[in-house]
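We have chain A; now place chain Z onto it with these hints.
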Amino acid sequence: MSLASESTDLAPALSGDLPYAEPSMAGVGDYLALMKPRVMSLVVFTALVGLMVAPGHFHPVLAFFALLCIAVGAGAAGALNMWYDADIDAVMSRTAARPVPAGRVQPGEALAFGMTLAVGSVVFLGLMVNWLAAGLLAFTIAFYAVIYTMWLKRWTPQNIVIGGAAGAFPPMIGFAAATGGIGLESILLFLIIFFWTPPHFWALGLLRADEYARAGVPMLPVVAGVAETRRQILIYSLVLAPVGMSPWLLGYAGLAYGIVAIVGGALMVALAWQLLRAPAGAAADPAAKRLFTYSILYLFVLFAVLLIEQVLGLRQFGAISIGVFS
Amino acid sequence: MSPPMTEPPTEPGIVLTEEQKRRRRARSLAIALSLGALVLLVYIVTVVKLGPGVLNRPL
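Protein chains in written order, with the numbering used here: chain A, 1 to 326; chain Z, 327 to 385.
Here chain A stands alone, though its shape is the one from the complex (with noise of 0.2 angstroms):
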């Protein structure tokens, strides 16, 4: 870990200046904030739709349990990345403030929280839901964790591209808690979330290029040029629209899905266009803030729409389960 090299910029607790080690400080706010609420609240959300598009019966208290010990496992990963990456936010202006550039938080405190809930959510999943599960969601917190944090983000522009395969999995945790296998269902809805990273990180991306580079963090923006991120953007669109489409066109779904993925993925398409055709400079700003912005809505209504459906029994074919694994 780089936290002691560039400690310039970081506040007194990280730099090592300091002889002993200082007592906490850190409220119970923060450590809610290590976990990345917002983040969380995404994970659980996607979760719960690869949980509930599963065939057959789940408990219901089962089910709350894993999606307890897969928030959990989330907010694990959002902890050992906030760990890690405290040298970088420190000099953005969007994590500075993170509890542990901030110094209210010990590297050492952040690392211990965030190994703990790692350990304690997969083996309460594998040991009270299955273990497939509990598999996937180590591999996911280590994938984010490792190859993502660790690896990737500074390494490569493509970092949020594989990266972005973390993200993804909540579902197929959810759909692998309540089969104890992996459908197709749960790789569409993995392939869905998996495209849909790029642009919308990208377009964020556009927004804080100076930032990053300022971190020193390859994003696309930064290594490629905008012209490229933003051709980059859209071609990532065009693959998720019809990806988006797939539950639907599968007979995983039901016509109003269809239809909300089909005007969804189109305007997806034709904003990630307008943002290619914006003028070079800040003017581009509102075209970037507005894909951005809608992509965050496009993701959450083509979920909410498949639970709707899930739970009014819409599905135009019923529950087709195809278990690759299962």
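Rather than coming from a laboratory, the hints here were simulated on the basis of the structure. Keep in mind that a hint or two might mislead.
[Stated by the list, open to error] Quick partial rundown of chain A residues pointing at chain Z, CB under 7 angstroms, derived from the structure:
#1 G27
#2 H59
#3 M128
As the structure is a computational prediction, the values presented were derived from the model and not from experiment. Glycine included, every Cβ here is placed at the ideal spot set by N, Cα and C.
Using the frame of chain A, we list chain Z on its own:
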């Protein structure tokens, strides 16, 4: 040979401020509540998993 024991240090060491004590109390309470909730949850999930079988044992 180790030096003979001297008098105990007169410095009080690290003394927590009131704010630090308050935050430590809040953290301890949060840990206690979380562990209590975990115990309760594990109990409930165990009963759910065993179902009626929880009563099915030789006396």
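Here is what the structure says about each hint:
{"no.": "1", "hint": "G27", "result": "holds (5 angstroms)"}
{"no.": "2", "hint": "H59", "result": "holds (6 angstroms)"}
{"no.": "3", "hint": "M128", "result": "holds (5 angstroms)"}
In the structure shown, no violation is registered for any of the earlier numbered hints.
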